[in-house]
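Undergrad: This is what each chain is made of:
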Amino acid sequence: MSEPVFELEVLRYRPEADEDPVFQAYTVPYNEDWVVLDALNHIKDNIDRTLSFRWSCHMAVCGSCGMMINGEPKLSCHAFLRDYYPDKVRVEPLSNFPIERDLVTVADDFMEKLASVKPYVIAKEDRPVNAGEHLQSPAELKTFKQYTMCINCMLCYAACPQISLAPEFVGPAALALAHRYNLDTRDSGREQRQEIAASNEGVWDCTFVGACSQVCPKSVDPAAAIQQTKIASTVDWYKALLSPWGK
Amino acid sequence: MDRRPYIREMPKLWWLGQRRYTVYMIRELSCVFIGAYVLVILVGLFHLSQGPAAYAAFLDALQSPLAIAFHLLALVFALLHTVTWFGLTPKAMPLRLGENTVPGTAIVMAHYVVWIVVSAGLLLAARV
Chain A
1142 MSEPVFELEV
1152 LRYRPEADED
1162 PVFQAYTVPY
1172 NEDWVVLDAL
1182 NHIKDNIDRT
1192 LSFRWSCHMA
1202 VCGSCGMMIN
1212 GEPKLSCHAF
1222 LRDYYPDKVR
1232 VEPLSNFPIE
1242 RDLVTVADDF
1252 MEKLASVKPY
1262 VIAKEDRPVN
1272 AGEHLQSPAE
1282 LKTFKQYTMC
1292 INCMLCYAAC
1302 PQISLAPEFV
1312 GPAALALAHR
1322 YNLDTRDSGR
1332 EQRQEIAASN
1342 EGVWDCTFVG
1352 ACSQVCPKSV
1362 DPAAAIQQTK
1372 IASTVDWYKA
1382 LLSPWGK
Chain B
11 MDRRPYIREM
21 PKLWWLGQRR
31 YTVYMIRELS
41 CVFIGAYVLV
51 ILVGLFHLSQ
61 GPAAYAAFLD
71 ALQSPLAIAF
81 HLLALVFALL
91 HTVTWFGLTP
101 KAMPLRLGEN
111 TVPGTAIVMA
121 HYVVWIVVSA
131 GLLLAARV
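Going down the list, the protein sequences come from chains A and B.
Just add 1141 to the spot in the first sequence (first one is 1) and you have the numbering used here.
Just add 10 to the spot in the second sequence (first one is 1) and you have the numbering used here.
Rather than coming from a laboratory, the hints here were simulated on the basis of the structure.
Honestly, I wouldn't trust all of these hints.
Below, simulated DMTMM-like cross-link-like pairs (lysine to aspartate or glutamate); rule was C-alpha separation at most 25 Å, straight line [what the hints assert, rightly or not]:
no., chain 1, residue 1, chain 2, residue 2
1, B, Lys-101, A, Glu-1213
2, B, Lys-22, A, Asp-1328
3, A, Lys-1229, A, Glu-1150
4, A, Lys-1229, B, Glu-38
5, B, Lys-22, A, Asp-1161
6, B, Lys-22, A, Glu-1336
7, A, Lys-1229, A, Glu-1144
8, B, Lys-22, A, Asp-1224
9, B, Lys-22, A, Glu-1342
10, B, Lys-22, A, Glu-1309
11, B, Lys-101, A, Asp-1224
12, B, Lys-101, A, Glu-1309
13, B, Lys-101, B, Asp-12
14, B, Lys-101, A, Asp-1328
15, A, Lys-1359, A, Asp-1224
16, B, Lys-101, A, Glu-1336
17, B, Lys-101, A, Glu-1342
18, B, Lys-101, A, Glu-1241
19, A, Lys-1265, A, Glu-1281
20, A, Lys-1359, B, Asp-12
21, A, Lys-1185, B, Asp-12
22, A, Lys-1286, A, Glu-1266
23, A, Lys-1371, B, Asp-12
24, A, Lys-1265, A, Glu-1160
25, B, Lys-22, A, Glu-1213
Just so you have them, the derived chain A footprint on chain B, three or more residues with Cβ under 8 Å [claimed, not checked]:
no., segment
26, 12 to 24
27, 31 to 42
28, 83 to 91
In silico negatives: residues of chain B with every beta carbon more than 10 Å from chain A [as the list claims (entries may be wrong)]:
no., residue
29, Gln-28
30, Phe-96
31, Gly-108
32, Thr-111
33, Tyr-122
34, Trp-125
35, Val-127
36, Ser-129
37, Leu-133
Positions of the beta carbon are idealized from the N, C-alpha and C atoms, including for glycine.
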């Protein structure tokens, strides 16, 4: 009996040769323990070394190997062949991003958006090292811990139709991280982040499709973060309206 | 070598491609029926202010098959609007009790309880 095989259709785009992306079919040995990333590595090592894709950790931590697998944004290291076998899978680069080559996307726009919300602790004043740790209770940590799980894999950007429909939209992961630092008791940077987060291209471009939270491989809930930021920003707006003289 | 990033266009009917996008679009569409129903109520209020004869004519117009069909359709979309938005409330309004987060289902159920109590109260008040 012949060994079982698994078929993949991979979207190829070689800018020096292809006018438009085209699907290319590959057949690899079927292994129950393999994920789609293993199949791609098998292709690269044994069948076609011109195939380009990003990956690093192979354990859903680095966030590099996000791809559309049968139209769904997934980490390819997290997508087992056995969940698709005996059907074949279609592997495409993440939606809503320009394609650099094959499965590699251009992430520059995301990187700029991420930096724009200042996703780091902005302390009120510099704290000398000899002042010791900045203590935080487990209860305080709990308020934002889920958002710290974000690995910047951009699956939420691929799932969010607003990213394509309103390209200026800052997007789910960046806004979730803005919310995460705003909730952090060591942080005083909310006002700086609000310039972007509370603007039209911030939370108000979100139409609450909710797909971002559904596809997150780390169970972060960006949709919740964005809706909560909308409410907090609205409260800010009314406060400013009712007491323009005081902050 | 020159870079030549390729931008894929979003299909015009992107929201028909996946169930979650279709459900989202139907949820968004439901607000049109809510808005239309609010207009009907405003027109009714206007007729009420014009005296009993005008209001009776308005009520009579509501008996037409077209008006009944519209109301049935508006009811279906109003229910969909309510159920989908109630389902999303735990995301927008998470509740914390001390160190613990109130489960999302409790927040959603509380909305249904308030909805039922207010509806029953209004129906009772209308009978008195």
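Undergrad: Hint by hint, note whether the structure agrees.
TA: Structure-based check of all given hints:
1. Between the alpha carbons of Lys-101(B) and Glu-1213(A) the distance comes to roughly 23 Å, so the proposed pair stays at or under 25 Å and holds.
2. Restraint check for Lys-22(B) and Asp-1328(A): the C-alpha separation of about 43 Å exceeds 25 Å, so the hint is violated.
3. Straight-line distance between C-alpha atoms of Lys-1229(A) and Glu-1150(A) comes to about 7 Å, which keeps the hinted pair within the 25 Å bound.
4. Under the criterion of a C-alpha separation no larger than 25 Å, the hint pairing Lys-1229(A) with Glu-38(B) is inconsistent with the structure, at around 34 Å.
5. Distance check on the hinted pair: Lys-22(B) and Asp-1161(A) sit about 19 Å apart at the alpha-carbon level, within 25 Å; holds.
6. Taking the CA atoms of Lys-22(B) and Glu-1336(A), the gap is about 32 Å. The hint is violated against a cut of 25 Å.
7. As the CA atoms of Lys-1229(A) and Glu-1144(A) are separated by approximately 16 Å, the hinted pair is consistent with the 25 Å bound.
8. Only pairs whose Cα atoms come within 25 Å are accepted, and Lys-22(B) paired with Asp-1224(A) is rejected, the gap being roughly 31 Å.
9. The straight-line distance between the Cα atoms of Lys-22(B) and Glu-1342(A) is roughly 22 Å, inside the 25 Å bound, and the hint therefore holds.
10. Between Lys-22(B) and Glu-1309(A) the alpha-carbon distance is near 19 Å, which keeps this suggested pair within the 25 Å criterion.
11. Distance check on the hinted pair: Lys-101(B) and Asp-1224(A) sit about 30 Å apart at the alpha-carbon level, beyond 25 Å; violated.
12. As the CA atoms of Lys-101(B) and Glu-1309(A) are separated by approximately 24 Å, the hinted pair is consistent with the 25 Å bound.
13. About 45 Å separates the Cα atoms of Lys-101(B) and Asp-12(B), which puts this hinted pair outside 25 Å; it is violated.
14. Distance check on the hinted pair: Lys-101(B) and Asp-1328(A) sit about 23 Å apart at the alpha-carbon level, within 25 Å; holds.
15. Of the supplied pair hints, the one linking Lys-1359(A) and Asp-1224(A) holds, its CA atoms being roughly 19 Å apart against a limit of 25 Å.
16. Note on Lys-101(B) and Glu-1336(A): the hinted pairing holds, with a Cα-Cα distance of about 23 Å set against a maximum of 25 Å.
17. Distance restraint check for Lys-101(B) and Glu-1342(A): the Cα-Cα separation of roughly 21 Å lies within the 25 Å cut-off, and the hinted pair is therefore satisfied.
18. Restraint check for Lys-101(B) and Glu-1241(A): the C-alpha separation of about 35 Å exceeds 25 Å, so the hint is violated.
19. For a cut-off of 25 Å, the pair hint linking Lys-1265(A) to Glu-1281(A) stands: about 18 Å separates their Cα positions.
20. For the hint pairing Lys-1359(A) with Asp-12(B), the CA-to-CA distance comes to about 36 Å; that exceeds 25 Å, so the pair is violated.
21. Our distance criterion of 25 Å between C-alpha atoms is met by Lys-1185(A) and Asp-12(B), whose separation comes to about 24 Å.
22. Restraint check for Lys-1286(A) and Glu-1266(A): satisfied, since their Cα atoms lie roughly 24 Å apart, inside the 25 Å limit.
23. Restraint check: the Cα-Cα separation between Lys-1371(A) and Asp-12(B) comes to about 42 Å, which exceeds 25 Å; the hinted pair is violated.
24. Between the alpha carbons of Lys-1265(A) and Glu-1160(A) the distance comes to roughly 52 Å, so the proposed pair goes past 25 Å and is violated.
25. A distance of roughly 19 Å separates the Cα atoms of Lys-22(B) and Glu-1213(A); the hinted pair therefore holds under the 25 Å criterion.
26. A stretch counts as covered by a chain when three or more of its residues have a beta carbon under 8 Å from one of that chain; for the segment 12 to 24 of chain B and chain A the count is 9, and the coverage holds.
27. With a cut-off of 8 Å between beta carbons, the segment 31 to 42 of chain B has 3 residues touching chain A; three or more are needed, and the interface restraint holds.
28. Note: the segment 83 to 91 of chain B has 0 residues with beta-carbon separation from chain A under 8 Å; the three-residue rule is not met and the coverage is violated.
29. Once the 10 Å rule is applied to beta carbons, Gln-28(B) is inconsistent with being away from chain A; the minimum gap is 7 Å.
30. Once the 10 Å rule is applied to beta carbons, Phe-96(B) is consistent with being away from chain A; the minimum gap is 14 Å.
31. Under the 10 Å C-beta cut-off, the non-interface status given to Gly-108(B) relative to chain A is violated; the minimum distance is some 8 Å.
32. In this structure Thr-111(B) is not separated from chain A by more than 10 Å, as the shortest Cβ-Cβ distance comes to only about 8 Å.
33. With a least beta-carbon separation of about 20 Å from chain A, Tyr-122(B) lies farther than 10 Å from that chain, consistent with its non-interface assignment.
34. Once the 10 Å rule is applied to beta carbons, Trp-125(B) is consistent with being away from chain A; the minimum gap is 20 Å.
35. With a closest Cβ-Cβ approach of about 24 Å to chain A, Val-127(B) is found to remain outside the 10 Å limit, as its non-interface label requires.
36. The Cβ of Ser-129(B) sits about 25 Å from the closest Cβ of chain A, beyond the 10 Å cut-off, so the non-interface label holds.
37. Interface exclusion of Leu-133(B) from chain A stands, the closest Cβ pair being 31 Å apart, more than 10 Å.
Hint compliance for this structure: hints 2, 4, 6, 8, 11, 13, 18, 20, 23, 24, 28, 29, 31 and 32 are not met, and every other hint is.
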